[in-house]
Amino acid sequence: MKWLEFSVGAFVIAGFLAIAFLALKVSGLSFDDRQQGYTVYAKFSNISGLSPRAKVSVAGVNVGKVVNITLDDFDYLAVVEMEIDQTVDYLTFDTIASVQTEGVLGEKYVALSIGGDEELIGPGDIIENTQSAVVLEELIGKVLANFASD
Amino acid sequence: MLFTRQYWHVVLVCIFTVSGLSPVYASISPKKVVDDTTAKVLTLSKEAKAYIDDDPQRFYAHIDELMNEVIDFKGFARSVMGKYASRKRYDSLPTVEDKKAFKAQITRFTEKFRTGLIQTYAKGLFAFEGTRAETDPIAEDYASKRSVTVAQRIYKNTDVPFLLHYKLRADKRGNWKLRNVTIEGINVGYIYRSQFESAVKEHKGDIDKVIDNWSSAATSVAKAKKVEAK
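Going down the list, the protein sequences come from chains A and B. Take the first sequence: its position 77, counting from 1, is numbered 77 in our numbering, and each next residue is one higher. Count along the second sequence from 1, add 1000, and you get the number used in our numbering.
Treat the hints as calculated values from the structure; they're not laboratory data. Warning: the hint list may mix true and false statements.
[As the list claims (entries may be wrong)] Just so you have them, the derived chain A footprint on chain B, three or more residues with Cβ under 8 Å:
| no. | stretch |
| --- | --- |
| 1 | 1038-1050 |
| 2 | 1064-1075 |
| 3 | 1081-1090 |
[What the hints assert, rightly or not] Partial list, computed: chain B residues near chain A (C-beta under 10 Å):
| no. | residue |
| --- | --- |
| 4 | 1096 |
| 5 | 1098 |
| 6 | 1169 |
Since the model is a prediction, treat every value here as computed from it, not as a measurement. Every residue gets a Cβ at the ideal spot worked out from N, C-alpha and C, and that includes glycine.
Using the sequences and the hints given, assemble the complete structure.
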C-alpha cells in the first residue's frame, strides 16, 4: 500500500515540475544568467508593447534578446537594451533596428537590418537609426487630419 | 638636453594644433547644421516660386549645391545598398577585378541615388510649402557621440506640424553630415533599403541592373506624387 501512495506523490511532484518547466520555457525565463553576448542600445520613439526578454532577430534568426527597457529623460525616447550573441560580430554602424510583430496578433520583437557601413557596432553602442512600431490610432489620426485640411 | 627640450616643444605644438583643430570643426553643432540648412532651403523654395515653371533645373541645382555640403551621400547610399555594399562581401571577393567592380558599383549607385534623392526632395519640398521650422535642443555631450538625432517640426499653413528626425554623423574631420531621416515616424533609409532589396530580387541578384534602373524608380515615385497632387 505504501508504494502506491509513494508513486502517486512522485507522480504529482513530477507533474508540478513539468508545469514549472513549461512555464519557464514559454516565458523565456532562464536561470542561466551568464553574459554570453555584448550589450547594444537602440532608441525608439515608440516601442508599443515590446517587453524585456523579447527576441532580437536578423532575417528572422534569433541573435539575442531584449534585456531592459528604460526611458531617456532628455528626449523622451524608449531606450531598449539588447544582448547580442558574441558570434554576431558584424552589425554595421548603419544597422536599422525596427519593432515588429510576429504574425498578426503575435509578440513584439526587434528586427535588425544590417547595412553596408565600414564601421561596426561594438559593446555599449547606441543604434540611433530605428523604425518605431506603427500605432494604428496615430495612423487614423493622421488620415483624419489630412481629410480635415483638404 | 637642448635638443630634447626643443623636441618636446614641437610635440606639444603638434598636440595643441591637432586637438585645437577638431573643436573648430566640431563647433558647428548638429542642431546648427539642421537649422541653417532648413532656413536656406525655405528661402530657396520661396524664391523658386518666381522661376520654377520656366526653369526647374535651376532650383534643383541650388538644392544640389546646398545638400552636397550637408549630406553624406556615399554613407547614405551604402546604407541603402545594405549587405550588398558590406565590408564582408568586399573581403569575400576573390579577384582584384571583382573588388574594383564592387567599388565602382558603390560609386555609381551613390551618384544615381544622389540625383534621384535631390530631384524627389526638391519637388516634394516645393510642393510642401513649409512656412517655419522649430528644432528641438540636443544633448550637450553631442561631441562625444558618433551619431546624433535632431528632432524638428515643420509647419505648413496649419498648426499641425510634421515631425522630422534627422540622423547625423560626424565625418573624419568632425563635420556633422546627414545620414538618414525619419519623417513622421517613417524611416526613409529603411524604405529605400527595402526598395533596393526588392529590386535585387526582381533583377535576380544583378546589382548593376538594379543601379541602372534606380533613377527611374525615384522618378516614378516623383511622378506618382505629382499625379496624386493633381
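Each hint, compared with the structure:
Counting residues of the stretch 1038-1050 of chain B whose CB lies closer than 8 Å to any CB of chain A gives 0, so the stated coverage by that chain is violated, three being the minimum. Counting residues of the stretch 1064-1075 of chain B whose beta-carbon sits less than 8 Å from any beta-carbon of chain A gives 1, not enough to reach three: the coverage restraint is violated. For a cut-off of 8 Å, the count of residues in the stretch 1081-1090 of chain B with a CB near a CB of chain A stands at 8, and the three-residue condition holds. The restraint placing residue 1096 of chain B at the interface with chain A is violated, with a minimum CB-CB distance near 19 Å, outside the 10 Å limit.
Of the supplied interface hints, the one on residue 1098 of chain B is violated, with its beta-carbon coming no nearer than about 16 Å to a beta-carbon of chain A, more than 10 Å. Look at residue 1169 of chain B: its Cβ gets to within about 8 Å of chain A, closer than 10 Å, so that hint holds up.
The structure fails hints 1, 2, 4, 5 (numbered hints given earlier, in ascending order).
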